[in-house]
Amino acid sequence: MKRKAFLSTLFFLFCCQFLTAQNCPPGTFINGIQCTPCAAGTYQPNRNLTKCLACPTGTAQAQTGQTSCNNCPAGTFQSERGQITCIACPAGTFQSLTTQPNCISCAPGNVQPNEGQTSCFGCSPGSQPNADQTTCEPCPAGTFDNGSACVPCAA
40 MKRKAFLSTL
50 FFLFCCQFLT
60 AQNCPPGTFI
70 NGIQCTPCAA
80 GTYQPNRNLT
90 KCLACPTGTA
100 QAQTGQTSCN
110 NCPAGTFQSE
120 RGQITCIACP
130 AGTFQSLTTQ
140 PNCISCAPGN
150 VQPNEGQTSC
160 FGCSPGSQPN
170 ADQTTCEPCP
180 AGTFDNGSAC
190 VPCAA
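The sequence shown begins at 40 in my numbering and counts up one residue at a time.
Hints are all accurate, no fakes.
With beta-carbon atoms standing in for the labels, derived distance ranges:
| id | residue 1 | residue 2 | range |
| --- | --- | --- | --- |
| 1 | S163 | L136 | 21 to 29 Å |
| 2 | D171 | P84 | 35 to 43 Å |
| 3 | A188 | T106 | 49 to 57 Å |
| 4 | T103 | S135 | 25 to 33 Å |
| 5 | V190 | K90 | 53 to 61 Å |
| 6 | T75 | L136 | 30 to 38 Å |
Source of the hints: derived by calculation from the structure; they are not laboratory data. A virtual CB, placed ideally from N, CA and C, is assigned to each residue, including glycine.
Taking the hints into account, I'd like the entire structure generated from these sequences.
Structural data, given as structure tokens:
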């Protein structure tokens with residue numbers, strides 16, 4: 040009799056777990072016999088799976104129970120998987136595209152003083168970028184701007 044009760048209990052548990060698993064919606068995963076929302080930084084687009092997926096690089100998800108991740112907008116990046124926010128490109132860099140894992144340094148002769156930008160710009164005549172390409176500085180005494188850099192004056 041005890042064996043029959045044990046088998047009935049085992050069948051009931053298996054049956055209930057199976058039924059619960061069939062009803063786990065997207066944005067959740069099967070955790071034992073219950074559906075659990077995906078954590079921030081993860082997502083699940085499908086029903087009835089046993090784990091959530093980490094957001095790919097170039098995306099982020101701050102909310103729980105989601106079916107997708109948000110693309111990082113232009114001017115931001117995310118180089119790691121499973122993150123909850125995108126990061127603004129630092130000064131001296133830019134990113135003109137969405138969903139990117141990194142920012143791009145300003146080209147030689149160009150600067151970007153602000154973070155989170157989508158482009159860089161050239162210095163005005165008579166000036167040059169500082170070392171980290173965040174500001175333009177006047178050409179030093181005894182030099183002139185040849186159109187691409189400050190160079191020494193001829194003797």
